Amino acid sequence: MLIVAWQLGSNATANNLLPAPLSVLFVMAAEARSGALFFNLAATLVRVASAFALAMVLGTALGVAMGRNKTIDRFCDPLLIVLLHLPALVVIVLAYIWLGLNELAAILAVTLNKLPNTAVTLREGARALDKSLQEMARVFDVPLGKKIRHVVLPQLAPYFAAAMRSGLSLVWKIVLVAELLGCSNGVGFEIGVAFQLFDVTRLFAYALPFVGLMLAIETVIVQPFERHVSRWRPLHES
Amino acid sequence: MKVEVSINQKIFRAASGQKRVILRNVAFGLRQAEICALLGPSGCGKTTLLRLISGLDPDFEGRINMSLPNKIGMVFQEPRLLPWRTVAQNLGLVCAAAENDISEVAAALRLTEHLNHFPGELSLGLARRVAIARAFAVKPDLLLLDEPFVSLDPALAAKLREELLALVLKRNATTLHVTHDVDEAISIADRIIVLSAAPGRVIADCRIDSPRQALTKTHAARLKEDILALMPGASA
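First to last, the protein sequences are chains S and V.
Heads up, the first sequence is in this note's numbering, so the first residue is 1 and it goes up one at a time.
Heads up, the second sequence is in this note's numbering, so the first residue is 1 and it goes up one at a time.
The hints are simulated quantities; they were obtained by calculation from the structure and are not laboratory data.
Because the structure is a prediction, the values reported are computed rather than measured.
A few of these clues could be false.
[Said to hold, decoys possible] Label pairs and their in silico Cβ distance ranges:
| no. | chain 1 | residue 1 | chain 2 | residue 2 | range |
| --- | --- | --- | --- | --- | --- |
| 1 | V | Ser16 | S | Val46 | 53 to 61 Å |
| 2 | V | Lys71 | S | Trp98 | 41 to 49 Å |
| 3 | S | Leu58 | V | Gln89 | 25 to 33 Å |
For every residue, glycine included, the Cβ atom is placed at its ideal position computed from N, Cα and C.
Using the sequences plus the hints, can you model the full thing?
Given below as structure tokens:
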């Protein structure tokens with residue numbers, strides 16, 4: 001359906017505004033043969049993965065600490081609000097100016113964009129921890145490791161899944177901007193090149209495989225994780 | 001184990017800053033393997049007293065001493081099970097013991113066929129059974145029961161009471177059983193402590209000399225009358 005609509009659309013408009021699906025496929029195949037497609041996809045994926053992992057780990061630590069401790073919360077809250085509302089572009093440009101046009105700057109800039117989002121979500125999770133279950137664990141002298149694994153983490157898991165889901169989409173959007181501005185490879189860089197050449201076919205040839213990749217990660221990793229952590233909920237609940 | 005409770009005062013501070021005395025001059029001792037019922041009108045501080053003894057609330061004036069070992073098993077007013085863990089995992093959470101210990105206590109409470117269910121799939125009566133099983137799974141020296149049969153129908157409560165009593169007698173644990181039901185107290189305890197309305201203080205402390213099994217209906221009725229006479233405003 002989508003492809004038919006696309007074909008009809010490309011027939012109706014001027015050729016270089018919306019290219020036909022087949023011509024996009026040809027460019028994709030050519031880029032794949034030369035290896036450039038996979039090289040750029042991999043470069044972007046590595047950046048997404050590292051920034052995402054870093055933001056999830058640091059954001060979770062910060063969020064849980066803020067949710068459990070009022071002093072830390074009061075101290076970090078203004079910083080969190082600033083980070084939350086700071087435009088991604090400002091952080092990226094500042095990172096490039098301060099750290100130079102390198103990989104570290106790109107990844108840190110993206111991490112910094114995602115981190116407050118994770119922290120805010122996990123803070124809510126840490127605040128919502130069930131007090132009656134904490135008390136139960138205390139009376140029964142449940143060892144700390146067991147308590148974290150069976151009492152605390154299952155309560156944080158839905159918040160973690162929510163942060164993961166919104167995080168992945170945010171990270172890959174921002175990674176492309178960071179690549180456009182300061183990297184010499186990656187999907188974002190290629191799209192920048194396509195923009196300068198006004199080459200919509202090339203833009204599609206890079207954007208579509210990446211969308212497919214993200215879709216696959218979402219269905220293969222994120223959704224099964226969500227299903228696994230919520231398997232104890234009775235089926236009639238949504 | 002033995003427990004010495006001596007509470008001068010317990011004050012509750014409301015969020016508005018208002019202070020309210022909940023318990024005043026509550027002192028009693030529990031002997032080894034004694035089964036004591038704690039009776040009193042609602043709001044008199046029974047649950048608060050259990051929280052002080054269990055160590056959940058250290059903010060009070062007074063002392064609570066326990067002999068060692070002092071492993072505590074507690075049944076809360078609500079089952080307080082982990083909804084994301086099965087019955088077997090809930091029991092396994094509190095004890096490092098081998099699996100046959102769990103299956104033994106589960107069998108005693110007729111939970112064997114529910115071991116792989118999640119708490120959300122159980123009725124309230126079954127969930128309360130699991131909570132009782134959990135309290136016994138730790139092999140407690142002190143058993144704290146906070147109205148474990150509240151909001152169950154009388155027939156089910158009576159059945160569960162029998163099962164609980166059998167386990168308590170077998171385990172020989174010192175037991176403090178909070179209830180507002182005089183009949184329940186008489187049928188389980190060999191000693192009954194009555195608290196007054198808030199601020200709670202001990203207004204009666206009576207031992208039931210005849211063993212539970214030999215307790216006749218008429219004797220029980222007379223005991224109930226005596227206790228009710230002590231509880232102003234209480235109804236049968």
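Against the structure, the hints:
no.	hint	verdict
1	Ser16/V x Val46/S: 53 to 61 Å	holds (56 Å)
2	Lys71/V x Trp98/S: 41 to 49 Å	violated (57 Å)
3	Leu58/S x Gln89/V: 25 to 33 Å	holds (31 Å)
In terms of the numbered hints stated before, the structure departs from hint 2 and from no other.
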